[in-house]
Amino acid sequence: MRTIGRTGKTMIRALVAGAWLFAASSAAAQTRLKVVTSTTDLLYIAEQVGGNRIEGKHISEGYQDPHFVEAKPSFVLDLRRADVWAFVGLDLEIGWMSLLLNGARNPKIKPGAPGYVDVSKAIPVIDVPSGAVDRSQGDVHPLGNPHYWLDPDNGKRIARLFRDRFAELDPAGAGAYEKNLGAFEATLDRAAAEWAGARAALRGKPIVAWHTSWRYFAEYTGVDIVGFMEPKPGVPPSPSHLAGLIMTMKRRGAKVIIMEPYYDRKTADFVATKAGATVLVLPPSVGGAKGIDDYGGMIRHNILALAKAVE
Amino acid sequence: MTMRVRLSWAASTVVFGMAIATPGLAQQDTTKRVRDSLAADSAALVRELARASARPAGGAGPTNARLLPDVSAVGDLLADFSRNGSTLEGGHRFSVREVEVAIQAAVDPYFRGEVFLGFNDEEGAAVEQAFIVTSSLPLGLEARGGRFLMPFGKQNLTHRHDLHTIDYPWVLQRFLGAEGLKGTGVSVSKVLAPFGFYQELQLTAVDQFGEADEALETEEPVNKRLGNLGYAARFRNYVDLTKHANIEVSASVVTGKRAQPTAGLVVGNAIPVRQSLVGIDVTYRWRPLQQGLYRSFILQGELIRQFNEDIADPGYQGPVGNHTGGYLFGRYQLTRRGYLGARYDWLDDPDLGGERLRAGSGYLEFFPSEFSKLLLGFERVAPTGGPAYGRILFQATFALGPHKPHPF
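Protein sequence lines, in the order shown, are assigned to chains A and B. Under numbering that gives the first Met the number 0, the residues of the first sequence are numbered 0 to 310, in order. Under numbering that gives the first Met the number 0, the residues of the second sequence are numbered 0 to 407, in order.
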């Protein structure tokens, strides 16, 4: 009978160790929560809280209008395997979300399931219309303004919601999520201290925005939005409205027009020229401009750039 | 309405010009009042937003406490300005082609229900679609039962008022029906991704293939034998080429027996005859994500071949032989709300004994908002052996009710 030599034993041990490591890593991979978010901001915050216990994807890009996303079948494949579907809510995704969720046929992320995360539930929403609402008022959001992530205090609220929901779905990771949340909030607090001066300089400064998406940003910075390029939310500007807006800008001393990268800059440039103002294209989300790859960085960039522009 | 819009634009432009380009005129009282009024526009919106109350964190109560279904209505209005008389059904110059009322809601934790009722001057009221859907099935299956648009081809799955042309392509009108192919039965679908891209297989069985002609009577019901029912299969393949472009290539087949007119029968005036359709459709879409509000392009084509059973009966008057048809459609987005489209159709028309029919059409489409559409179309139709004719059509559609997602 042949015996196994020292080399053979070493090889067997190595193989067993390798198999054990492979099995352990596979198990870890299998237990990672699969998180799909509607926007890049939600994904960034989810990853900060979830750390290596989650793997994530997002649907819309940071430089894309999140109201108008095509419900591509490839997104259905992402959602089919998801444990968590986190979305902005307040009807931001009303034009495409139900098609994707119905197509995904995934009970884990259906309304009412733990994996169905309407992030707006954690937010003190502004611009909730009072009285009757109809479409003569434009692309109005009856549940309130959905662009809340542009206020960093809401960024913290989003992170806390993720901590709670991830811990519910993955109780073993509760400690890690709590720790990650603390680190994220500390990072955001440090960044806020850096931009505090610029934020203070913005208080009361008159500006014009293209869409109502900058209302939360204005609430946080104190900047005074005296007019919008859109006559009503979602309605492209008409010549008569722009004429009125130019008068408003001159009267109120607004010297800056802020806009998202997906709107037509030529129109804003025209108004700026007539009103003696400048146009500032700001990233509305993570990934909304080159080099804007993190949430705090996006807020910092917007505050500093606007403070410089209104000087 | 168009004229009013045009006048409004003209007036706005004049006012704008007065306010900006000719400061001298701006001194006049009237102009000043207009300017003040315009300036108030934007500030009014700001004040309106400021007045709006803030909702506390944690959300408000339920948004639909009475569990009412979503109810919406779509109006489809047509006008025909063709030189040699109207080409619309009933010969009308102005027509309410259809008003569609949709009622949609979750039935219970297992089913979703959708009902579409159609109303028009020619046919009165009809149940266009009424079905329940469930995805609470093993293996990721989805099943639906009731009346629905048959999953055959690409455009047949789009409601007529949602098309970017005024009518379905000629090949669909002739092979499937003027209002598309619907069926009453059951359908099961499964999403697959063995190669990393989206694939979907849909299998359908319906009471009968196509709409029954009430004037035709067969000795026995066409659906007496299970083999005579309508059966369809569709296999979709969707691939993202880049973040901005994608392509879908799908194949469809439908077969079943239909009542066809036959003279000299002892009982009735029709016999069940098998008809089958095989089709392939390709759709290429381009929409740059950042400029997606202003630029997009779609190129779409379908090719369908119709097979008819050979009938030796000398009294048979139904379609014979095999016929092929197809179309190519393209649409380019010019502005945020304006699109330019064109379609080329050809088919061996079974209604013309298999003679070739060609048609070319162009469309100018304008969306005042997501909920209204104005479409101006010109079409030149050239049937072989017959005189060519032109059509000038105008369509206005509007949607009332909840925002419904646009099918991809």
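It should be emphasised that the hints constitute simulated quantities derived from the structure, not laboratory data. Don't take each hint at face value.
Stated by the list, open to error - Residues from chain A that keep clear of chain B, each with C-beta distances beyond 12 angstroms, as calculated:
#1 G61
#2 H66
#3 E92
#4 I93
#5 P106
#6 D169
#7 K178
#8 P235
#9 D263
#10 V309
Said to hold, decoys possible - List time: in silico DSSO-like cross-link candidates among lysine-lysine, alpha-carbon distance up to 27 angstroms:
#11 B/K223 - A/K109
#12 B/K189 - A/K120
#13 A/K265 - B/K242
#14 B/K223 - A/K107
#15 A/K120 - A/K109
#16 B/K223 - A/K33
Unchecked claim - Rough simulated footprint, nothing fancy, chain B against chain A, three-plus residues with beta-carbon under 8 angstroms:
#17 35-42
#18 46-57
#19 268-276
Just so it is clear, CB atoms sit at the ideal spot from N, CA and C, and this is done for glycine as well.
* Could you check the structure against the hints above and give me the numbers of any it violates, in ascending order? => Hints 1, 2, 3, 4, 5, 8, 9, 11, 12, 14, 16, 17, 18 and 19 contradicted; others consistent.
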